[in-house]
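Asker: Listed below, chain by chain, are the residues.
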Amino acid sequence: MQEVIKQKAIELLSSGKADRVLGWKEGEFFYDITPAVFTDVKEIEEKFVYNAFCGPNFSKYLVAESRKDGKIAVFLKPCDTYSFQQLLKEHRILRDKVYAVGIPCDGMVDIEKIRQKKIKGITGVTEAGEVLQIDTIYGKKEVAKKDVLAERCENCKSKKHVVYDELIGEEGDVLDSHRFDLVEKIEAMSEEERFAFWQNELSRCIRCNACRNVCPACTCEKCVFDNPASGIDQKAAADSFEEKMFHIIRAFHVAGRCTDCGECSRVCPQNIPLHLLNRKFIKDINEFYGEYQAGADMETRAPLTDYQTDDCEPSVILTKGDQ
Amino acid sequence: MQVEKNFEPTVVAFCCNWCSYAGADLSGNNRIQYPANVKIIRIPCSCRLNPMFILRAFQRGADGVILCGCHPGDCHYTSGNYFARRRMTLLFSMLSFLGIEKERCRVEWVSAAEGAKFAATMNDFVATITRLGENKKLEDLRCKK
Amino acid sequence: MQNEALIPYLGVVTDIRVDTPDVKTFRVVSAADGQKLFEHIPGQCAMVSIPGVGEAMFSITSSPTNREYMEFSIKKCGCLTSWLHQMEVGQYVTVRGPYGNGFPVEGAFKGKDLLFVAGGIGLAPLRSVINYCRHYRENYGTIDIVYGSRSMEDLVDYQEILEEWSKEEGVNVHLTIDREQPEWNGHVGFVPNFVTELAFEPTKTAILCGPPIMIKFTLAGLEQMGFPKSQIFTTLEFRMKCGIGKCGRCNIGNQYICKDGPVFRLDQLAELPDEY
Amino acid sequence: MKKISLEKLNALFAEIAETKALYLPVDTETGAQYQKWEEGKTLSSALNTVRSAKDFFFPQTESLVHFKVEGKKIEIMDVRDEGAPFVIFGVRGCDVKSFELLDRVFLQDPVDTYYQNRRNNAIIVSLACSEPEETCFCHSFGISAADPAGDVTAWIKDGEIIFRANTEKGEQLLAPLPLEEGGEAKAEEARSEIEAITKKLPLQNLPLEKFKAENLMDFFNDPKWASLSQSCLGCGTCTFVCPTCHCFDIRDFDTGHGVQRFRCWDSCMYRDFSQMAAANPRLSQLERFRQRFMHKLVYYPANHEGRFLCVGCGRCLSRCPISMDIVKVIKELGGERDAK
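Protein chains in written order, with the numbering used here: chain W, 1068 to 1390; chain C, -4 to 140; chain A, 0 to 275; chain S, 29 to 368.
There's no promise every hint is true.
What the hints assert, rightly or not - Calculated cross-link-like contacts (lysine to aspartate or glutamate; reagent style DMTMM-like; alpha-carbon spacing at most 20 Å): (1) A:Lys74 x A:Glu159; (2) C:Lys131 x W:Glu1258; (3) S:Lys96 x A:Glu3.
These are calculated hints, taken from the structure and not from any lab test. It should be emphasised that the depicted structure is a prediction, and the values quoted were computed from it without experimental measurement.
Build the full structure now, drawing on both the sequences and the hints.
Answerer: Have a look at this one:
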């Protein structure tokens, strides 16, 4: 697959269909891949990669990139196309400046999960079907790919590309995922258990803002948390209240717009399951206001900018769940 | 739950300017009593209530927060309270998801004519919060004396 | 426990002078004993703060030769400065300092003819030096002061300039304003052009402070006149938090403005990245 | 040297914890973290903690001074406390070195007494890295993973842990503990094993020769910063997991009954780091990204006799969301110059 995509990148650049190509650039190892803008065919030949470690979602880069001169080609995995379309819907990306190529994805691997299996000193990985052969300075190791898939890929919601100019490979389908299982499990806990669970998770937050900065739905020019006039600009959580406030507000600000791309959890250096907060909102929206998938189309109104006169009252939560 | 003796809760009530604030006024004019623990903050419309306001009220010592607005369909700005309703539903659900007592937040629709309802709502809400006790889960320790 | 630089002194404002519509000068003494808070060198700064509002670096505009109090001339432009502008006499403020290197009044300036060029609030950091040099008049040559502002009302310390500086022997004051005004009979025009028109001898030591655009064109003019870079001094500002070279934000290259600056000689600056 | 069997390690911890607070890396579901020792907690086998050990001396937030404001009057309240001695057990060589680099900032005149207090109270027991990771490059900065500094150095070898006191503080810590004498040979063996592994690590010799004060302007003006920084998200992950990053912000918090002035970590990667009322000298991510790496590789060495502000712990390599780390920067900027 890497070769096909690489050739496509070269073709787009040399035919003049695109002036720049947004793709993945290899790093020191096989897993530390950096998003990069390629303008030169030779560089693509040498550095362009596409493998099971190409996690980053490019949609957000297009907000700035589509405002530069010339056209940019971009490779989008199925879940990335949702974010892309959501940003198009919000008029954040200039569509005619982007050439979107849909590419297939069979799930991305989370290097952290490999490390958690006590595999140390990883120097190389080869994909052999369902198995990953791992070279380390302490000898060879093997793991099943499904055991080290990123959480968002384990619970992949769709293999379908919702928007593209050109598609490489076969079109997939929207999947029946189990992504709300964990949310349900937490909902079923007692109030005290839930509080303890989140207290433990959120207390690890170091307020690096990676979740916010990577999020394709967070595209405000100036975030409230950076705005001294907002009264809540903070650099670090000086009290456990501030941790909660940041994460509640962050999730709330993307409610109804979050496509569940899972970037927030991928980038979190402290491995806080931030996607659960977003999924809670998605699940509630589905339950209260009907099924809604952000980014799935260009027409429907987002649930928080819409209403029905017979919507449920907020008191509905008083009787929901909880033993 | 253990309730401290003599616990006097602080309750913040965000009231829409057009209905509930007038409703509060009416209850005063009619000499209907409601607890002095309620601190009213007037907002132009219930949909002006940013979720942040609720959180900050808790941070700065509120034990309960209630939003009062016009009845659905009666919004001075046509549809503000419909949006507020969706937002608050989702926010309260999230607070509950994080393990915060769900009775600490409430939305009530109170019109300008419902002075008695305003007082009754506040009486009931203050009683609920008194029963729940001090807000410990969304407090900012620095703000405690 | 040992003294901590980050814990400030308490000062009290004893006098507020309205200089221009947006500049006020505050006189500050120690809240404890009514004496001066600390000694300083001309050009040094202090962190002034109102707890809960903010803390920022301001240059000390009074001369060290003043043994009774310190003065800060502050222009209203942000959150803290707006607050400071609203305060009344008797208000407590916190002050810590002095920070920075200051001007080499006892070194490179000694025995030299001095040329001060300032624009707008840029006079504030220079006022301290000018008054110091006037106090020790015998140590310095002639003093030329070129000062310009948008309008007559915007000239900071106008009274002091007229009544003291202009009358002193060996001190030549050249004032200018940007646009004509009926009651103004002095020079009209921008500072850089005025400096070129006045055609100073390049043997003088020039000290500049003002808005970046004024500095840029004045420097070009001075260099054309033949001023060597080693004879031009300026003072910079940056966002600062600690004031003691630790918090890491006010650096130009490897030099921290709060500690190694704010006064730089132009030839030193030329060796540093153009990031200010 | 002194030694004890690994089985008795927990008893040893209990002994130390009786007189002083003891912190050590403990495994959690999401990686190792420093925690206060209590019964039941065991030493993690992970190479490094997710957060660095700088937290002990330079915590993410700390109160500096409190104010009471009443009308026009202000009262200053010094809230510093002397603290009490504590032990950090199992610090790796890279993190131990980071303390020395931070000392040069916080202990230079004027001394930061908050930092100094904690520094004086700390007794550091370092632990040699028996299994270095591929992301380690401490060797490039002259740090030994096999023989780390600290008040006491420890090696784990064949079911035993061997201690060597390096300072008086270290001697005093070890003296009352029930340890056996000996272990020199095993320590030596562990040392040479680790050195052998270190040689095999992929990032051991980075091209650092050109990063000197005299090349400051060349590096600053290098056109490669544009491509290096283009995908940077501007988050603070690298800064906050870094053991040597020490920039901070000072802020006030109005509690309603007073004002607390506190210090918290700040990142030069943030837009508002150098934002002033009217201007910002570092407007784009390029300048902010450049500032961070220039500080580590050029500015700090220029002010501190050539010492780099990096200890090669590899945290930023494994944590950066887009994998743009200091190794890539060093190779990109330092490598090509070599070839010329």
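Asker: Compare the structure with each hint and give your call.
Answerer: Status of the hints after comparison with the structure:
For the given pair, Lys74 (chain A) sits about 18 Å from Glu159 (chain A) by alpha-carbon distance, which is consistent with the 20 Å threshold. Proximity of Lys131 (chain C) to Glu1258 (chain W) is assessed by CA-CA distance (about 13 Å); at most 20 Å being required, the pair is judged to hold. Straight-line distance between C-alpha atoms of Lys96 (chain S) and Glu3 (chain A) comes to about 19 Å, which keeps the hinted pair within the 20 Å bound.
Violation of the numbered hints given earlier is absent; every hint is satisfied by the structure.
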